[in-house]
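Enquirer: For reference, the chains in residue letters:
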Amino acid sequence: MQAAEATYRVGVDIGGTFTDFCVFDEVGRGIRTLKVLSRPDRPGSEVTTGLAELEQRYGIRPSQVTFFTHGSTVGVNTVIQRNGARVALLATRNFTDVLELARLRMPEAWSLYSIRPTPLVRKDLVFPITGRILSDGSVETALDRDSVVEAVRGARAKGAEAVAICLLNAFRNPAHERAVKAIVQELAPDLPVTCSSEVWPVIREYERTVTTVINGYIQPRIAHYITALQAALREAGVAADPLITKTNGGVMRASDAKVACVNMVLSGTASGVMGAAHAARAAGIRDALTLDIGGTSADVALVLGGEPKYGMGELIGDFPLYIPSVSVSSIGAGGGSIATVDALGTLKVGPESAGSTPGPACFGRGGERPTVTDAFAACGLLGQGTLGYSAVRLHPDRARLAVGELGQKLGLGVEDTAEAIIRIAVSGMYAEVNKILAKYGTDPRDLSLLAFGGAGPMMACFLARELGIDRVFVPLTPGVLSAMGGLVADMKNDLVRTLYVALDERTIGIVQATFAELEAAGRAWIEERLGVGADYRVVCSADMSYKGQSFEIEVPLEAGWIAAGDLAAITAAFHREHDAIYGISDAEAPCRIINARLVIVGQTPKPDFEPLPPATGPLAPRQEVEVRLDGRPCRAAVYDRADMQAGHRLTGPAIVVQSDTTTCIPGGFAGEVDAQGGLVLTRQA
Amino acid sequence: MAIDPITQEIFANYCRATAESMAYTLYRTAHSTFVKETEDFTVGITTVGGETAAVPRDLGATWLIGLDYKKAIDLIPSYEEGDVCCTNDPYSGYVCTHAPDLHVWKPIFWEGELVCFTVGHIHNTDIGGAVPASLSRTLVEVHQEGIRVPPCKLYRAGVLNEELLGIMMLNVRAPEQNWGDTKALVGAMNTGERRIHEMIRKFGVETFKAGLAGLLDVAERQTREFLRAVPDGTYRYADYIDEDGDNGNPIRIALALTVAGDTATLDFSGSDPQLDASNNVPTGGHPRHTLLLVAVYYTLCTLNPRILINGGMCRPFTCICPDGSILNPRFPAAVGMRSLTCNRIRTAIFGAFSLALPDRMPAASSGASSIMNVMTTDNETGERIIAAINPIMGGGGALPFRDGSNGSGGDATFLKNSPIEITEAEVPIQVLRYGLEPDTGGPGRFRGGLAQVMEFMVFSPQSRITARNRDRCKFQPFGVLGGRAGKPSHFTLNPDGDKPVELGSRDILTCDPGDVIRIVSSGAGGYGDPFTRDVEAVLTDVRCGFVSPASARDDYGVAIAGDAVDTEATQALRTAAAPVPAGRHFDFGAFRDAYEAHWTRANYDAMTAILDGLPVNWRAFIKKRLFAELASDPGMARGNGGAVHAAFERIREGYPALRGRRRAA
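As given, the protein sequences belong to chains A and B, one line each in that order. Per the working numbering, numbering of the first sequence is gapless, rising by one per residue and ending at 800. Per the working numbering, numbering of the second sequence is gapless, rising by one per residue and ending at 664.
It is worth saying that the hints were derived from the structure and are not from the lab. Warning: the hint list may mix true and false statements.
[Claimed, not checked] Mimicking DSBU-like on lysine-lysine, the simulated pairs with C-alpha atoms at most 30 Å apart in a straight line are:
1) A:K524 <-> B:K208
2) B:K201 <-> A:K554
3) B:K473 <-> B:K415
4) A:K373 <-> A:K463
5) A:K554 <-> B:K35
6) B:K70 <-> A:K463
7) B:K201 <-> A:K524
8) B:K208 <-> A:K554
9) A:K373 <-> A:K424
10) B:K415 <-> A:K238
11) B:K208 <-> B:K70
12) B:K182 <-> A:K662
13) B:K415 <-> B:K35
14) A:K554 <-> B:K415
15) A:K554 <-> B:K182
16) A:K463 <-> B:K208
17) A:K554 <-> A:K424
18) A:K424 <-> B:K35
19) B:K152 <-> A:K554
20) A:K238 <-> A:K273
21) A:K662 <-> B:K35
22) B:K152 <-> B:K69
23) B:K182 <-> B:K152
24) A:K238 <-> A:K373
25) A:K662 <-> B:K415
26) B:K182 <-> A:K424
27) A:K424 <-> B:K415
The whole structure should be built from the sequences, with the hints applied where relevant.
Expert: Next comes the structure, spelled out in structure tokens:
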């Protein structure tokens, strides 16, 4: 095959340390991966570097790239590092403390020292707007233009770089917000403006305000970042305009991301779960717990029936984000968690972490305190290969030194101490993961554990045993699942309208009209992006509750029910859903619709990966090594992932090394390589 | 059998996971607002002896972690597998502390042996009785506070006791809601049982039992380690609740905290006698009752964030609460509104620890969380609507190194507010203002947290507003080491009208259409001399509207001109300021200073001694008479108790039943 005929789809995920590339060959159907160091100081340059390396290593020319998706942590990092824009918030007069009060509850229930996070907008940048819309959308006090003029003057004087507008009851009637925005644009055309009714127009003022403020806070940085990316791609000769991965697991155009920035806040983490879900589906796994362990934290998500769980209120640093998001929970334990001995002589692991700098002692970058990764290295389970494409060399001797020092405080030897660190770390992680499963009421025994990230495959089998999970799956490219997630994501948008009405004969017409409007808006969105006549599907749902309940549940609705105005079917669906969650429902009780919701999904072409060649003979280990596992020394076979072919089998204790991760397999697990090269590890009864 | 520390640490993670699984089962499947929004529930695992050994760390209420189930457990003669026991009687075993709380416990067996209990409670919105929601300050006996179930089996060997359930449901106002939440609670007990069986399979039953006991020992060791770091000595602190009824007299909670080595005694002698109101706290005189130790948990967890939270924390403490006092009332005293008194118990303990550890303890937090409810009529539909609108709280006390948190914090950490947009959609009222009230935080080198303010208008006649736990309109939250007291709370009808009415600590009010209600909670206390506060911090407070320019000048000695500090004027103000008087640890504000000039400690001691010597049913009555008699007695100024004794002699003349009794010592 001539190289000139080949075309490629490229997914790129920029993380804190590494930038991952996942390349799909549209003709040859193979996958190529690449990691280069991230350059937060020069956004876009890692893409240039990576494209050059792709050409050098695989002969892929930028002109052959027909499809380019990109996910990034720039949004979430801007919030965490608090280096976003200086935002002025325009809020309803007499309600300007909305960010100060939040929802009152303190982050730590037990501490007199607990404090709510400092808001992204300091109170002296919050300006009152005179004008009041009531709950029914009527205007109680007309908008006072002078108050807006005053606010803009004040914002200017305080050096504001962006404006966020969130007024009471704007979810019901956005007229005042729109008018305020027009005045701001007239008086300060250079300031970017975000309105709550444009971001996610739902009831609850704190949630809407904080989401609007985050959008304004990250907007300048993201716009600059994406512009730089586009320029870098053009300069490199990539004709395709980049698509950006979204918090909701879909993708959008680069131009969308520059405005609706809040949709790319969780870009990287969400696409990791999308990639994991795709890998799970490809392996025939429907229900999985995805486990992405990095240096400082582990990200955990649920995939049920092949689809990730979605939710609202995902934490972005200190703040909840109220737009539909792929639910990912971050637990503060990773390969870099540090082991210590406390005042009472008890061994503790975390919450302090060595992070990526200085990193674990065995990385040889100046870290001296023992971490979980060092414990694995001290047991002989790591250091049998190279780590990362940038070839971080492991120094197991430094790990043993660090672990040994700690062991002296406990009166234990190096291996005993290392194993104790692993057991405590795993049991702590177990408790955290358990909490997430308990929140959803999911039984772990029904799940497979899908491990990725640098340290995921290292710890997965140990955690699976604690959780009672029998199957661990390590995809072929565990280091670049986020990048792959972008390649498999759909063009997708969420729409919402708060109704807050009793559901009955008098209101069904309003409900129907609302869904019709949402669908029209969704269709316009998708056709603008994929062209008229594009293939799309619509998913309708409603947030519903009984009258008097202070919270609502999401109920999937069939389009036919809405079109036919079938009240009985809609209410029955709500009672069923309520019964399924709470074990009770009341068919007589009046119910109501809080929000009408619609998701519009335009399919993007999906890669179908080429199967691996079938095994021609048994899998041969590269070497055998002495390790410490489950309280005793034993010998473990070391395999190279590159040697694996479909159908190959192995049994633990074993170690599988590949360039970006190491899979540790204790005794009691048997492994098999599936048709796509995925490693399926099954716990033997 | 003792287990090694590494296994103990792993075991602790498993127990936490089990408790959290229970909590999430309850939280996910319960559906009442009390569980969902206020998280007024607990779950846990106790030893066979009833000591709470494991609780979830970040879900549920903070009050009951040290709850001792032993007395209630012992009131059931025998247990078998599948039993679920329950009680909501505040006087049977002193596990339940007011009737809306339904407590359950389930015996967990392994191969026929009882190994532990899973336990928990939910707050039912209504449990019957004289008033909707079952709680009112005006109730005087527990019989008015709802149906009471003594410890008995809700499930016997896995079979539901339908007769008991029928009686319970017949007597409450929203039976489906109670039963729905009770099922969720029982579900949590069953989740706990399953997870405990898994743990026993993993660890073995002997390790399980030893591990559970070990958890209590770990928490106890950590607590003793903490106490050893507290200087030995006796630390006295007293605080007050504004009134014991409408236009009533103050309620005093007195404490002597004695730390000796790794043990501590909390002696509440000198606290007021039990009330003819429902603010009594039913402890049964238990020396480690959890309601007496909540502030201890806060203190321990604040100063050692990694402490293991369970009943082992209680072991080094002994509490003394005299019989017939507000903290150990005799049956059938009403107890429904015990939470306000619990609030002041916490203030007293924080005050005592502040004396012991001045460099580490914060000033007083607001100390009043008023739960606001509105009952009104929708003028369009004619429908009656009852709804909780918001908890109105104040801020956290200033820390030795940072300002207090605004609007909530300190020991008021777990309540959420209701969004204004939800309130306006649900209730036909219009909210006019909701936010922070300027100048309410106690001035200090570090400022106390600001109070919340909420103002709303009602539109129909006979609109009733209830504000539970109103307090701190007179007695203010303390400031420390030069820091000033937090500002008092206000509750005002038509504040901007022609005739504003100050309602003080009243807790119920009927309004007319167009009436406006404003409620401002108390602010929190400050820490350190405000004249040493960083000038830039004062400027920021002024720019943010947290402090007015007038307060900046008067309270902080900072002159603000326009948007900047007038450095020269500031220097002049600060140089001229009188230094903080040495030896004065607390600042209480003018009201308490005046009150205690009249009611000195000796005067109070005299009254306490007199009341202690009386039959329980006479105490509240005589207290009221003494206050009336002594209100303007010039003899009180001598402060030696003589005027109190003289007044008692005069009062006693009028009551033949008391005349024969000896004069109290």
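Enquirer: Would you mind marking each hint as holding or not holding in the structure?
Expert: A quick look at each hint next to the structure:
Distance hint between K524 (chain A) and K208 (chain B) is fulfilled; the C-alpha atoms sit about 28 Å from each other, no more than 30 Å. Between K201 (chain B) and K554 (chain A) the CA atoms are separated by roughly 23 Å; this keeps the pair inside 30 Å, and the hint holds. Among the hinted pairs, K473 (chain B) with K415 (chain B) is consistent with the structure: their alpha-carbon atoms are about 26 Å apart, no more than 30 Å. For the hint pairing K373 (chain A) with K463 (chain A), the CA-to-CA distance comes to about 44 Å; that exceeds 30 Å, so the pair is violated.
Distance hint between K554 (chain A) and K35 (chain B) is fulfilled; the C-alpha atoms sit about 13 Å from each other, no more than 30 Å. Of the supplied pair hints, the one linking K70 (chain B) and K463 (chain A) is violated, its CA atoms being roughly 36 Å apart against a limit of 30 Å. Using a Cα cut-off of 30 Å, the hinted pair K201 (chain B) and K524 (chain A) holds, with the two alpha carbons roughly 28 Å apart. For the proposed pair K208 (chain B) and K554 (chain A), the alpha carbon gap of about 28 Å is at most 30 Å, so the pair holds.
Taking the CA atoms of K373 (chain A) and K424 (chain A), the gap is about 26 Å. The hint holds against a cut of 30 Å. Under the criterion of a C-alpha separation no larger than 30 Å, the hint pairing K415 (chain B) with K238 (chain A) is consistent with the structure, at around 21 Å. At roughly 21 Å between alpha-carbon atoms, K208 (chain B) and K70 (chain B) fall within 30 Å of each other, so this suggested pair holds. Of the pairs offered as hints, the one joining K182 (chain B) and K662 (chain A) holds, with about 21 Å between alpha carbons and a cut-off of 30 Å not exceeded.
For the hint linking K415 (chain B) to K35 (chain B), the alpha-carbon distance of about 10 Å falls within 30 Å, and the restraint holds. The suggested pairing of K554 (chain A) with K415 (chain B) holds, with an alpha-carbon distance near 19 Å, which does not exceed 30 Å. A distance of roughly 17 Å separates the Cα atoms of K554 (chain A) and K182 (chain B); the hinted pair therefore holds under the 30 Å criterion. For the given pair, K463 (chain A) sits about 22 Å from K208 (chain B) by alpha-carbon distance, which is consistent with the 30 Å threshold.
For the hint linking K554 (chain A) to K424 (chain A), the alpha-carbon distance of about 12 Å falls within 30 Å, and the restraint holds. Taking the CA atoms of K424 (chain A) and K35 (chain B), the gap is about 21 Å. The hint holds against a cut of 30 Å. Taking the CA atoms of K152 (chain B) and K554 (chain A), the gap is about 29 Å. The hint holds against a cut of 30 Å. Taken as a hint, the K238 (chain A) and K273 (chain A) pair is honoured in the structure, with Cα atoms around 12 Å apart against an allowance of 30 Å.
The suggested pairing of K662 (chain A) with K35 (chain B) holds, with an alpha-carbon distance near 15 Å, which does not exceed 30 Å. As the CA atoms of K152 (chain B) and K69 (chain B) are separated by approximately 16 Å, the hinted pair is consistent with the 30 Å bound. Distance hint between K182 (chain B) and K152 (chain B) is fulfilled; the C-alpha atoms sit about 14 Å from each other, no more than 30 Å. For the proposed pair K238 (chain A) and K373 (chain A), the alpha carbon gap of about 27 Å is at most 30 Å, so the pair holds.
Under the criterion of a C-alpha separation no larger than 30 Å, the hint pairing K662 (chain A) with K415 (chain B) is consistent with the structure, at around 20 Å. Note on K182 (chain B) and K424 (chain A): the hinted pairing holds, with a Cα-Cα distance of about 27 Å set against a maximum of 30 Å. With a C-alpha separation of about 26 Å, the suggested pair K424 (chain A) and K415 (chain B) falls inside the 30 Å cut-off, and the hint holds.
Taken one by one, the earlier hints fail for this structure at numbers 4, 6, listed in ascending order.
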